[in-house]
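Q: From these two lone chains plus the hints, build me the complex, please.
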Amino acid sequence: MSVATRMAPATLGLGTLVVVGAALEALIRGGAINRYIVPLPSQVLLAFERIVVEENVVHRFLLTTAETLVAGALITIVGVALGLLLNRVHLLRAACETWVAAFASAPIVLMYPLFLVIFGRSAVTIVMMGFVAALPPVILKTLEGLAATRSVLVNVGRSFNLTPAQMFWKIMLPAALPTMFVGLRLGLIFAMINIVGVEFLINFGGLGQLINELAERYDLPGTYAAIGFVVLVSVLFFYVTERIERWLRPA
Amino acid sequence: MTIGPVVGAGFGRVTVVRVAIILVLLAAWEALARSGLLFRDVVPTLSAIARAFVTLLLQPDFYTNLGWTVGEIALALLVGGVSGLLVGLLLGGSRLLGRAFEPYLYYLGPTPKIIFFPVMIMWFGVGPTSKVALGALSCFFPIALSTAAGMRQIDAVLIRVGRSFRATTSEMVTKIYLPAMREPIVNGVRLGLGVAMIATLLAETKLSNRGIGYLIIQAYSTFDMPRMYAVLIALFALAIAANALIGRFSAYRASRFR
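The listed protein sequences derive, respectively, from chains A and B. The first sequence begins at 1 in this note's numbering and counts up one residue at a time. The second sequence begins at 1 in this note's numbering and counts up one residue at a time.
Bound-form chain B, shown alone (with noise of 0.2 Å):
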């Protein structure tokens, strides 16, 4: 069963309940603010979080602050990435190395990376190095994992190839491991994105003086409560953009390259 009947031949149908759920909750939301059932301000009026939302847009103070973010975020990802592409090299290329220290990777990838912070803190100080290495430290793990796996599945046929060539280890790494593992690591790259950004994130809630976590838990600290929604808005926004482009990226390589 897939959607994609349903989307072609209703897709107007379809674009008219997508209309009506999102009115439905803006209405449920906008009644719900007006009700006086919660503390006010807890669910701002729409008009409430639309003037934060536009206020938000046009302070540069929010440019300023994304910008810290966004540079905290692809710092972290150049740092873990680049790691965690020779590590997952190392352990896809030899076998022996892939079965002593893949099992520890494995296992580490899926645990909350944000307990770090303190340790990140003591070594790396309160400025924005601590959260790039908190970042760093979360995509590593999908990224060498990925690569080490992407590794593995090569066609036997193309490393005989490049052998017969006499390729040396450089030459085989960019002509022939890279090229054919672009989709696992454009995906490890992808999950390191996301997790990267919520670790840079919630770092900046913890302890910070800049970046969107930090106008975050400003917004909390000051409880304005607009305004936290405009940012959480902008914020989510972003992030889906961002994740859908490096999804569009991927998908239109492949095709270029199949």
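So here's chain A without its partners, still in its complex pose (with noise of 0.2 Å):
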């Protein structure tokens, strides 16, 4: 396959974007579009610099990076040891597995309200809310993982003599670690989405509120710039931990 060849759907890709926003540019600047609603691409282009210099975004990305973090070691944690339980107790797993994965297809986050309430109109509030969130697909698949251990794998470990301890450290959690990661990585980005998306309803924290803050002051190419730098930041977050994710899975 040639280089050209190779090449053509990215050029493809990037060219329709170029295009597109060359063409909204062509159209807002003719009047068909109005500029009061849509912002010129050229604008919002330039206000990514205003944002970085102006509006902290720096500060505010590291802080929603930390409380992604935050509600990550809590959902490593308590949802790890929950999968564990789970699979350990065979009775519990049987009562309690289908109330876990009911759990996870609901619409948790509208619980915001109510975690208003009990930790205020604070940090904890967000990261709370990213870790209810974000629990039930770590549980799941810690439990998946588990669940999966080669039964030749066991029966090595149980000719081997190994107490339960040995058992569970060389035996069940590394045959389990790569699953555990699938599901970590989604409680990660549950986590984030929804710690996001709580800070701009909360008007509290980082790259949320940011958004909130200027789409209040009707700064429109801010506005538009500082969506583009969040989405930016998500697809970055989801690329690296794909990438790990990929890199911790065996061949």
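To be clear, the hints were calculated from the coordinates, so they are not data collected in a lab. Even glycine gets a Cβ: it sits at the ideal position worked out from N, Cα and C.
Partner residues are not named here, just some residues of chain B that face chain A (Cβ under 8 Å, in silico): (1) R18; (2) L96; (3) F101; (4) I114; (5) T205; (6) I217.
Estimated spans, in silico, between C-beta atoms of each pair: (7) B:L57 / A:R88: 36 to 42 Å; (8) B:L37 / A:L45: 48 to 54 Å; (9) A:E54 / B:S83: 35 to 41 Å; (10) A:T163 / B:R18: 28 to 34 Å.
A: Listed below in structure tokens is the structure:
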């Protein structure tokens, strides 16, 4: 396959983006699209620098990242522990697994006003919301990973007379780790989405609040640029966690 | 290791454990509510929540707001679903288009859609249309990606059979592609319904004067905690039921066509 053939899809994708941007610019300048509803793409690009310099984006980014990491640490500790518990006590698993799955499909983030009442308008509300919304996939994937450990590995462990603790650390955990990481990655993505969303909704904290503030000031290029920045951060986050997952997964 | 044998052997024991867990949780809740450890009404007593729940279900206002929310979600699913399906068919049917544009959809899919709400308000106003638009935007991605992936999984023999019968493009879509992609499409719709529901309801809590999201934020503003719990319980029950219904439907269809 020639380089030109290989590059064709990427060129088409990027080219279409540039053409759409240029067409929008022309339509807005020509008055076909109201510039008080859709700002000029060139203004949005310029606003990127402004929001980075004037709106303290780096600090906000670090704040949102820190909240996501704290929620991530909580889902890892609590989610994996609950997964282990359900895997160990079969009766509890039979009783609760469908509940956890149902919980995973419920719109948990709608509980944010409740969390506001309990924890106040603070970072704790945001972190707790991210934690609760991201917990079910971690529990379910931990269970799935542990349950799918190949019986031949378990039998090898038994033939070596491993203690339950050795069995867990040497056999079960390494075998379940790739699937568990799928759950952790899903959990981290859920946590990040919910954290940015709640920041926006309660107008508090990092990147989500920035979008809300700029929109309330009716700073259109700034709002679009801030949304673009959050989308870029989300994409980067998704990409990095995906690379780590691939690295962890056996070939 | 499966839970099948455990459930089969000890269905009675499982029910007992479930009932015991529910009773322990309810007792703990009631104890916390009566302990005075938290501010009054943050954790209302079970009787207060039950009263609020019954009152909520008896109010015509609840059903009017539920109707608005269900209508917005249904419209969002229709708009986002049809556009997602068309884009998915296009991307799944062409190798070049798929490789050019699918990465954008794949990476934009998991971004938080609620941040687009200010843009939706500017484009569609503060009424229900902006909520529908946000819901449609949310469900577009999972449906488009599932459809594109489903299209690529179609057995090549089926496509060759269609072509050998000289089927037109529309006949290929309706007689070959769509029936062969039933499962991925239903999965996409299921995922899409979940995210459309969340986006629409969140948008209602941010800026609205109708819908279930509005009822939740109204209860918060007036600090009517029992009512907030009642609305949340009703909402969770409806959301889980809707999800289970689609799951049942897809399982039933799959078993019928197998």
